[in-house]
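Colleague: Residues per chain, in single letters:
2 protein chains.
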Amino acid sequence: MSPAYTELLHRLKEVAALTSTAALLGWDQETMMPAKAGAARAEQLAVVSRLAHERATDPRIEELLGECESNGQLLADARIAANLREIRRDYDRARKLPAEFVGEMQETNSRALEAWKAARRDDDFSAFEPWLARQVTLNRRKAEYFGAPDGGELYDALLDEYEPGMTGKELERIFKPLREALAPLIAETTESPHQPDLAVRRLVVPPEKQKELNAFVVNRVGFDFDSGRIDVSVHPFSTGISPGDTRITTRYGDADFPEALGSTMHEAGHALYEQGLPRVEHWGQPLGESLGLGIHESQSRLWENHVGRSRAFWDWLMPLALRVLGSELDSYSSEDVYAAVNVVRPGLIRVESDEATYSLHVMLRFDLERSMLRGDLSPADLPGAWNERVRADLGLEVPSDAQGCLQDIHWSMGSIGYFPTYTLGSLYAAQFWEALCRDVGGVEDSLRSGDFRPVLTWLREKIHGHGRCYSASELCTSLTGTPLGHEPLLRHLRAKLDPIYRLDGQKTTP
Amino acid sequence: MSPAYTELLHRLKEVAALTSTAALLGWDQETMMPAKAGAARAEQLAVVSRLAHERATDPRIEELLGECESNGQLLADARIAANLREIRRDYDRARKLPAEFVGEMQETNSRALEAWKAARRDDDFSAFEPWLARQVTLNRRKAEYFGAPDGGELYDALLDEYEPGMTGKELERIFKPLREALAPLIAETTESPHQPDLAVRRLVVPPEKQKELNAFVVNRVGFDFDSGRIDVSVHPFSTGISPGDTRITTRYGDADFPEALGSTMHEAGHALYEQGLPRVEHWGQPLGESLGLGIHESQSRLWENHVGRSRAFWDWLMPLALRVLGSELDSYSSEDVYAAVNVVRPGLIRVESDEATYSLHVMLRFDLERSMLRGDLSPADLPGAWNERVRADLGLEVPSDAQGCLQDIHWSMGSIGYFPTYTLGSLYAAQFWEALCRDVGGVEDSLRSGDFRPVLTWLREKIHGHGRCYSASELCTSLTGTPLGHEPLLRHLRAKLDPIYRLDGQKTTP
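Respectively, the protein sequence lines represent chains A and B. According to the numbering used here, the first sequence is numbered sequentially starting from 864. According to the numbering used here, the second sequence is numbered sequentially starting from 864.
Read the hints as simulated data drawn from the structure, not as lab findings. None of these values were measured; they are calculated from a predicted model. Every residue gets a Cβ at the ideal spot worked out from N, C-alpha and C, and that includes glycine. Warning: the hint list may mix true and false statements.
To be verified - List time: in silico BS3-like cross-link candidates among lysine-lysine, alpha-carbon distance up to 27 Å:
hint, chain 1, residue 1, chain 2, residue 2
1, A, K899, B, K1074
2, B, K1325, A, K876
3, A, K899, B, K876
4, A, K1325, A, K959
5, A, K1074, B, K899
6, B, K1074, A, K1072
7, B, K1072, A, K1074
8, A, K876, A, K959
9, A, K899, B, K1325
10, B, K899, A, K876
11, B, K899, A, K1325
What the hints assert, rightly or not - Cβ-to-Cβ under 8 Å is the rule here; a few derived chain B residues that face chain A:
hint, residue
12, V910
13, F1088
14, S1090
Construct the entire structure; sequences and hints are all you get.
Modeller: Laid out in structure tokens, this is it:
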């Protein structure tokens, strides 16, 4: 092995030790940290993150990279070549932002976050508006530092951070027909006289029992408790801290156990991806890291929606759930729960929305943030534009900005270009699922018998094991035979909803 | 404020952000971390600790310190002067160890720790002996780097790390009469026909109920749950991570709830000290830090033994404990529990020993480690010397090294000079308690009514609030009127044990 490559990997591991430490500080903050430790925690995170950034952008890395990139023997190994390509990508991106600009962004993010919290609480968009304007300006500068790709727009440079290689134009190509097909589907479901009975979701179930059920299920789907844990937090999340350490959280209400289980399945999907990455061998290297957020989200959506909202899954789980949750569940069949967890209910809040309407929430955010970045939409005009779009897409009136354009944290934290990855995740998931069912065969029977290994094995082999060796679009095309499109997701939704709502379904199926 | 002083404090805060992050990594490792994350955690700890050390020994600190030390205006403020004095002490000590020697120690510590674990498990001292020899050698070198104080011995240089200013000679002065007085006291108790009934300690109590009781008690004594938390770990500990973040752990058995409560009171004592330090204003500065380990241990011993093993405490707690733990407790009086938690039972294991015999365990370790450091005792001869001393002091035969000289982790981790601080803690606690009772008055009645504020207020005002402003010996003399001695601890034990065991007590009371 080349000494330059060895030193390079050593330095990346050191950076990973710091970024993973920051991840643990973040996890602890959400799950364990006492209330009064907030100020000290902010300081710890700032110092650790700064040191990680300093070391990731150390000019010595440039030297070592240069040496490796001119070493034919290294490049002859396709995986090493991929590793070097991605290390170069990360390094160049990190170096493009001047340190003082990074500082300005961090400072703005933390202040804008506080302003957003207060504005949402007080339903006062005007208090947040100057911060939003500032975040748009900073994101425009950030995009300029990165530079738009040839023939692209500034928005692409932001997207590239979350979904490498994706562009606004490409999203438009995929999202437009999706939106056009979702609108009639949702209208049909809401107008159908056949509506799922939601009584099972109102069953009161003690959180302790729900926890027991969720732990049982994630263990069964393949989550390794020797390499991770489940806790409770206000906002559920998953974090792949380090090799051997992937943690997820759930929140529990007194009722709606399928909701908490769905959330846990979602986070477990993220976690199964992290646990399946070759992180032990490649800690800190692209080969051991997840691809963009779209692929990450595809893993959560696949387990949440294609597994956890399937009829076969509930056929398997119901007798077991009955044993854990108690006899009140006895009056419901797996078909009842299956229908109840697939209900379509247009609502105002993205994170509470169902599988069918979810993408409409995402696409409106994509269009609005892209317009703001271009300067076509002034931040001051956001509420009006938001409410109009909700009316058009979901048929709802927005009664307050708190339930409208102030509901999400992302823009306050300076994240523009992040939202589309949620729907990309749903699209990848549906397309992967079709390929998986084709490749593996008998998947439904496996799920019905509680055997999730065929699914996980396929994902591990085809996706998890490769780290960042291939791009998301390469992976999609090579696994599914076609570039990412909206049809598989539509087919998936139609295949579920047409029978549940007894729809005709012919006119909009692609 | 002087710009040099401001920058100095800023740099110290940055170091504190890193050391506190390492503390969180350590806490998480003992309480939350998944099993397979060990290797990554070691890497995280190594990197964060190294960066903290690099920044703590940055020559810029020397420059700033120099400027401050020649600034008369700063030195005119006694607290700032004390802060500078202690910053100098820390900096000079840290600079005295060459970086490569620190690396060698860390490497040895982690390997010796693994060797010790295996040796203890296999009861095979010969497997640990070379590591012990190496640790003794390294400690001698470390002491040489630090340098013994004028007229002192190398051991003093090690002690100084844990108990600043303490010397082997001074320990000898205090320990000798203590040991001489404990021997007959313990003999009298074990020979007494009046032995406490230990049935209450065999009561089976579900850990969940014990947790509830312990949380109630520590909250009542003043532990602030908005600045801390209690968890479960294999080895109970307390860690003052950062301002607003002090965490303790307990371990629970199925029986002996007073044991778990005593352990929690002990850790809560440490935590109350940490929570009482002016850490918010002085994070990273000596003014916001605890004095040596002896004073820290005095706080845990005071709450564990002087409060938690007092008759008044159990008079208060019994009716409440009955409510939490259930009616099985009904057949015991507070006097029964009081006697049972003060039982004297010479045993082989330090951490299981009672208040009276505990110091004998400590003093034998002090004598043996000091002899090894001097070269008077070869590590190979440790088991023989150990067993002989246990026979002499505790009247017991050591059946295996696992229950003898291999029982403690300290030497394997390269900690020589640490053990004596346990008994210093007991001695300080007893001496402080006498002063507190004299200053405050009516303490017993307060405890009996469950009012712990007078005790905590005195400790906060006299000890916690001062950080490292005074040395331990200055503090002791100014609060109690006399230098540290063995008499208060002896009086305390006699006052309890003479009535419980119906001893004459006259002949050995000082």
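Colleague: Take the hints in turn and mark each one as holding or not.
Modeller: Each hint tested on the structure:
1. A:K899 <-> B:K1074: With a Cα-Cα distance of about 23 Å, the restraint between A:K899 and B:K1074 holds, given a limit of 27 Å.
2. B:K1325 <-> A:K876: violated, 47 Å
3. A:K899 <-> B:K876: Within the cut-off at roughly 17 Å; holds.
4. A:K1325 <-> A:K959: Given that 27 Å is the threshold and the Cα spacing comes to 33 Å, the pair is violated.
5. A:K1074 <-> B:K899: Answer holds: A:K1074 to B:K899 is near 23 Å, not above 27 Å.
6. B:K1074 <-> A:K1072: The hint holds at about 20 Å.
7. B:K1072 <-> A:K1074: Cα-Cα ~20 Å, so holds.
8. A:K876 <-> A:K959: OK: A:K876 and A:K959 at ~22 Å, within 27 Å.
9. A:K899 <-> B:K1325: Given pair A:K899, B:K1325 holds - Cα atoms ~24 Å apart, limit 27 Å.
10. B:K899 <-> A:K876: Distance of about 17 Å is within 27 Å: holds.
11. B:K899 <-> A:K1325: Given that 27 Å is the threshold and the Cα spacing comes to 24 Å, the pair holds.
12. V910: Holds - the Cβ of B:V910 comes within 8 Å of chain A, reaching about 4 Å at its closest.
13. F1088: At 7 Å from the nearest chain A Cβ, B:F1088 passes the 8 Å test, so the hint holds.
14. S1090: holds, 5 Å
Hint violations for this structure: numbers 2 and 4, all remaining hints satisfied.
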